[in-house]
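J.: Work the whole structure out from these sequences, hints included.
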Amino acid sequence: MTRDDFRFFHPLRVRWAEVDMQRIVFNANYLMYFDTAIGDYWRALALPYVESMELLEGDMYVVKATVEFHASAHADEMIDVALRCTRMGNSSMAFTGAIFRGEQHLISAEIVYVFADPATQTSKPIPAAFRAIIEAYEAGEPLAEVRVGDWATLGDAARGLREMVFVQEQSIPLAIELDEADATAVHAVAFNRLGQVIATGRLLAPEPGVAKIGRMAVHRFLRGGGWGRGVLDALMAVARERGDREVVLHAQRTAEGFYRRQGFVVRGEPFTEAGIAHVEMVKPL
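In this text, residue positions in the sequence shown follow this note's numbering: the first is -7, and each later residue adds one.
Don't read these hints as lab results, they were simulated from the structure. Because the structure is a prediction, the values reported are computed rather than measured. Hints are supplied without guarantee of correctness; some may be wrong.
[What the hints assert, rightly or not] Derived lysine to aspartate or glutamate pairs resembling EDC-like cross-links, with alpha carbons at most 16 Å apart:
1. Lys275 with Asp225
2. Lys116 with Glu49
3. Lys116 with Asp51
4. Lys116 with Glu46
5. Lys275 with Glu238
6. Lys275 with Glu248
7. Lys56 with Asp27
8. Lys56 with Glu102
[As the list claims (entries may be wrong)] The calculated label-pair distances, taken between Cβ atoms and stated as ranges, are:
9. Pro165 with Phe18: 23 to 33 Å
10. Glu130 with Glu95: 15 to 25 Å
11. Val258 with Leu166: 23 to 33 Å
Every residue gets a Cβ at the ideal spot worked out from N, C-alpha and C, and that includes glycine.
T.: Now the structure itself:
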């Protein structure tokens, strides 16, 4: 196998605790690497795993895992764990896996999962929607749709995710999180192929020619998958269309790197908002 056989890669660095007395990765840890990568594979499908499996009324169980060793990885090396769904039957699916160090193929694997009832752990047919999502990913098709609209249209969808992220996760009071600006803002919401909300944000017009983006939220189990960028791009497109000259936002310091990668720069000194450290960032249009 070569890297060209896969579109999904999970990078990781080998930790000291994962090598054995021969100073190479202990053989059983390669299965852990593949198991870690499969979690990232579900994120690549835009699926928050627990919520998605509840919606699909089932869960995934490993029934077979085989590993073939070609060469060894060592402590502190960067490796890439590659996965591809190569077969789907009525209730089972098989993944072909490989671990690469650069272009060198170190490990091969086959992992077979069965979709089953969590209560009885008896197999059941893979739902058509789940099957279609996996096929779409392997074919390189988009896994999420960003919709833009007003609060009357998208408010229910945006509210649920915002309360999860800002109120439950970050302990921001609901009275601060939901405000009168929602009624006049342009909202963007990203939905996965199961109709679940995975990201949201809003666009205000605080003064002529200036767009202000805020309430950016991504499902906590899907961060780092590019879904927030899709929402940001959609809102910035609206700002361009209405002729705004710049976009400003108040970024939480933990998200500053994300906005820098999208071309935003810091303006002014850090400040506290809703008890959380922020910084103003701006990008010309």
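J.: Measure nothing beyond the straight line between the CA atoms of Lys275 and Glu248; if it is 16 Å or shorter, mark the hint as holding.
T.: 13 Å, holds
J.: Between the alpha carbons of Lys275 and Glu238, is the straight-line distance 16 Å or under?
T.: 6 Å, holds
J.: Within a Cα-Cα threshold of 16 Å, do Lys116 and Glu46 meet the stated pairing?
T.: Given pair Lys116, Glu46 holds - Cα atoms ~14 Å apart, limit 16 Å.
J.: Is Lys116 close enough to Glu49, meaning Cα to Cα at most 16 Å?
T.: Given pair Lys116, Glu49 holds - Cα atoms ~10 Å apart, limit 16 Å.
J.: Hint says 23 to 33 Å; check whether the CB-CB distance for Val258 and Leu166 agrees.
T.: 29 Å, holds
J.: Please check whether Pro165 and Phe18 have a Cβ separation lying inside 23 to 33 Å.
T.: 48 Å, violated
J.: Could you say whether the range 15 to 25 Å given as a hint is met by the Cβ separation of Glu130 and Glu95?
T.: 22 Å, holds
J.: Can the restraint linking Lys116 and Asp51 be considered satisfied, given a maximum Cα separation of 16 Å?
T.: 10 Å, holds
J.: Has the given pair, Lys56 with Glu102, been kept, meaning a C-alpha gap of at most 16 Å?
T.: With Cα atoms ~8 Å apart, Lys56 and Glu102 stay inside 16 Å; holds.
J.: Given the hinted pair Lys56 and Asp27, is their alpha-carbon gap at most 16 Å?
T.: The hint holds at about 12 Å.
J.: Between Lys275 and Asp225, does the CA-CA distance stay at or below 16 Å?
T.: 12 Å, holds
Hint compliance for this structure: hint 9 alone is broken.
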